[in-house]
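J.: When you get a sec, could you build the whole thing from the sequences and use the hints?
2 protein chains.
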Amino acid sequence: MDIAVQPSVSWMEMNASIEDSGLFFPVDPGPPAKVGGMIATNCSGTNAVRYGTMKDWIVNLTVVLADGRIIKTRKRPRKSSAGYNLNGLFTGSEGTLGFVTEATLKLATIPEQTGVAVTTFSTMRDAATAAIQVVHAGIPVGAVEILDDVQMDVVNQMGGTGRQWKAAPTLFFKFSGSGLSVQDNIDGVRAIVLHNGGSNFEVEQDKAKQEALWSARKQALWSMMCMRETGSEVWSTDVAVPLSRVPELVEISKRDLDDLGLFGSMLGHIGDGNFHETILFDGDRERGLVSKCVHDMVRRALEMEGTCTGEHGVGLGKKEFMVDEVGEGSLQVMKTVKTALDPHWLMNPGKIFDLHNPASHK
Amino acid sequence: MDIAVQPSVSWMEMNASIEDSGLFFPVDPGPPAKVGGMIATNCSGTNAVRYGTMKDWIVNLTVVLADGRIIKTRKRPRKSSAGYNLNGLFTGSEGTLGFVTEATLKLATIPEQTGVAVTTFSTMRDAATAAIQVVHAGIPVGAVEILDDVQMDVVNQMGGTGRQWKAAPTLFFKFSGSGLSVQDNIDGVRAIVLHNGGSNFEVEQDKAKQEALWSARKQALWSMMCMRETGSEVWSTDVAVPLSRVPELVEISKRDLDDLGLFGSMLGHIGDGNFHETILFDGDRERGLVSKCVHDMVRRALEMEGTCTGEHGVGLGKKEFMVDEVGEGSLQVMKTVKTALDPHWLMNPGKIFDLHNPASHK
Numbered sequence: 001m002d003i004a005v006q007p008s009v010s011w012m013e014m015n016a017s018i019e020d021s022g023l024f025f026p027v028d029p030g031p032p033a034k035v036g037g038m039i040a041t042n043c044s045g046t047n048a049v050r051y052g053t054m055k056d057w058i059v060n061l062t063v064v065l066a067d068g069r070i071i072k073t074r075k076r077p078r079k080s081s082a083g084y085n086l087n088g089l090f091t092g093s094e095g096t097l098g099f100v101t102e103a104t105l106k107l108a109t110i111p112e113q114t115g116v117a118v119t120t121f122s123t124m125r126d127a128a129t130a131a132i133q134v135v136h137a138g139i140p141v142g143a144v145e146i147l148d149d150v151q152m153d154v155v156n157q158m159g160g161t162g163r164q165w166k167a168a169p170t171l172f173f174k175f176s177g178s179g180l181s182v183q184d185n186i187d188g189v190r191a192i193v194l195h196n197g198g199s200n201f202e203v204e205q206d207k208a209k210q211e212a213l214w215s216a217r218k219q220a221l222w223s224m225m226c227m228r229e230t231g232s233e234v235w236s237t238d239v240a241v242p243l244s245r246v247p248e249l250v251e252i253s254k255r256d257l258d259d260l261g262l263f264g265s266m267l268g269h270i271g272d273g274n275f276h277e278t279i280l281f282d283g284d285r286e287r288g289l290v291s292k293c294v295h296d297m298v299r300r301a302l303e304m305e306g307t308c309t310g311e312h313g314v315g316l317g318k319k320e321f322m323v324d325e326v327g328e329g330s331l332q333v334m335k336t337v338k339t340a341l342d343p344h345w346l347m348n349p350g351k352i353f354d355l356h357n358p359a360s361h362k
Numbered sequence: 001m002d003i004a005v006q007p008s009v010s011w012m013e014m015n016a017s018i019e020d021s022g023l024f025f026p027v028d029p030g031p032p033a034k035v036g037g038m039i040a041t042n043c044s045g046t047n048a049v050r051y052g053t054m055k056d057w058i059v060n061l062t063v064v065l066a067d068g069r070i071i072k073t074r075k076r077p078r079k080s081s082a083g084y085n086l087n088g089l090f091t092g093s094e095g096t097l098g099f100v101t102e103a104t105l106k107l108a109t110i111p112e113q114t115g116v117a118v119t120t121f122s123t124m125r126d127a128a129t130a131a132i133q134v135v136h137a138g139i140p141v142g143a144v145e146i147l148d149d150v151q152m153d154v155v156n157q158m159g160g161t162g163r164q165w166k167a168a169p170t171l172f173f174k175f176s177g178s179g180l181s182v183q184d185n186i187d188g189v190r191a192i193v194l195h196n197g198g199s200n201f202e203v204e205q206d207k208a209k210q211e212a213l214w215s216a217r218k219q220a221l222w223s224m225m226c227m228r229e230t231g232s233e234v235w236s237t238d239v240a241v242p243l244s245r246v247p248e249l250v251e252i253s254k255r256d257l258d259d260l261g262l263f264g265s266m267l268g269h270i271g272d273g274n275f276h277e278t279i280l281f282d283g284d285r286e287r288g289l290v291s292k293c294v295h296d297m298v299r300r301a302l303e304m305e306g307t308c309t310g311e312h313g314v315g316l317g318k319k320e321f322m323v324d325e326v327g328e329g330s331l332q333v334m335k336t337v338k339t340a341l342d343p344h345w346l347m348n349p350g351k352i353f354d355l356h357n358p359a360s361h362k
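Respectively, the protein sequence lines represent chains A and B.
Be aware that the first sequence starts at 1, since it is given in the numbering used here, and climbs by one per residue.
Be aware that the second sequence starts at 1, since it is given in the numbering used here, and climbs by one per residue.
Because the hints were derived from the structure by calculation, they are not lab data.
Treat the hints with care, since some could be wrong.
To be verified - Label-pair restraints from in silico Cβ distances:
id, chain 1, residue 1, chain 2, residue 2, range
1, A, Gly317, B, Lys292, 36 to 44 Å
2, B, Gln164, A, Ala16, 50 to 58 Å
3, B, Glu303, A, His136, 44 to 52 Å
4, A, Glu211, B, Leu194, 34 to 42 Å
It should be emphasised that the depicted structure is a prediction, and the values quoted were computed from it without experimental measurement.
Each residue gets a CB set at the ideal place from its N, CA and C atoms; glycine is no exception.
T.: As structure tokens, then:
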């Protein structure tokens, strides 16, 4: 129940190639993602509410260090308490501690039965509240995703799904498990949805029909990208907050977009408290406004005890938030680890944080 | 769905005190365990096959570093990709990188329905094979535990469970979820058990009867401890291997105990490939023999691409295996991190590894 792969392997191709084994790799970021990048950012995706994030699926890593040494973090146990958790240290380090050349990943069993449900709400707050209640009830959904009215409208306009959707706040659910458990979980979710004013609750359990029903979720980002005209750009960002704060964050962020007169859609892996905004804007005229909007959203998430990024990583764009998020002390610990393993800052320099003051990093 | 606690809080008392919230902390090591020690060893327990290990349940840690600085690893998001995963680094570091003074832990929802099943086999290999097939089938059991004939006989002799058990290789299962899903999972497990020659498949879903049925598992270690006479000692150890190697490891380890004429029992969190031996021996006469037996079991686990410890940690007793397990390079990386964060090796010195050659640790 594990597989050894190199970093440029596509997770979708990997899953296609092992389908006959009855096993699959459950972390599902965007379709173009490759294993190396998935490790670098500790990515997640729609299945994270059920299966966790990338760091939870690493058995071992082969890493080239800054000084050219090659290490393998451990052998092949599914769990271990032997020494420091180097898998967890390198995963999510955005290539700044070493270069991953091979990874052994855990696999999961393909569920016996699956299902997809879609339902609409009057407000994003109602949709978010229903989603959080599903998680709180302990119903083991495979995924729970929120899309706003703008996003659903964009999917309609781009016409890639072969049907028209109601342009309203919408929740998408995946279900998986044994036949009876899927039925039980669908019933449990339906009750919570109805209790929170959800309507048009559609369920599919046939494989092809499930894909058709999931298609609006799948085509959300691409539809948004297709809306671009000459000179227009896309800014996509993500934050995550404690579950109890999600409805509030979603509502305020939505109002903020409207108040600034920006064209942006909202989408979230809401069961993890993880939430994305994708803003389409005029590169010349609106950049400042978009930057303000994104900054406000991140600041709000941090005030709500959240994180500046739930799954995209820090890169260059979110370095400025690191001190506020983890504190000066934790940031210094990260820099100390970085400097100890890569004294000359050779590995992906300038990402996550800068070495402003060489004397202060110890 | 999280809770902030100090390190000397007992996980059992914590769960008792939050029961009314409908939430619980699912990591279940031995009853006396406290949160600080659970973090230090990255512990697990019987629920790990369903819920994962300690590192998967940490939201943030407050840590006193060697130089007296106090850091909080992050705010309160349930997931994050912002910077290095310090939660994962400190969890399992056995107090060698810092002193944890507070932890925010994720909580899970108490399942609607639970169940317990017990079944016996002719051989440990058959029992282990059945357990691995259950995991491979993707049946989301709450726990799957293996106990050998010696262990069951000891439980009988100590008489703490109010009934007599068949002194045979035995599997214990926990089930949890919605009503129908528990039923489905019990049916799925029963079919696999019968296919592998299991018999006396007993199931309980009533709460008190579940506890009675689980009692032999719960009293396994204590019963073994009670067998001690004057001068006798107990050596308890654990290893973990890839799932496919578990039946072989279990069989050879059992034969090894018998060949050496030692009195020891076997017990395992077999769904994780994690496996314990508890040996009762004469402190004066048999120490060398027991040491050989434990060393052989660890060497065998490492040859099978496993780990010298699945959940107990390295401490002093397993330092000698670290190079074989993770390799010289990974061990050097651990020492480099240790030395960078604790240059004078003040924090729990001598655990996990030694600093043999101060010049070589960078």
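J.: Determine for every hint whether it applies to the structure shown.
T.: Results of checking the hints against the structure:
1. For glycine 317 of chain A and lysine 292 of chain B, the hinted distance range of 36 to 44 Å is not satisfied, since their beta carbons lie about 57 Å from each other.
2. In this structure the hint that glutamine 164 of chain B and alanine 16 of chain A lie 50 to 58 Å apart at CB holds, the actual value being about 53 Å.
3. A hinted range of 44 to 52 Å for the beta carbons of glutamate 303 of chain B and histidine 136 of chain A is consistent with their spacing of about 46 Å.
4. The supplied range of 34 to 42 Å is met by glutamate 211 of chain A and leucine 194 of chain B, whose beta-carbon atoms lie about 36 Å from each other.
Consistency note: the structure conflicts with earlier hint 1 alone.
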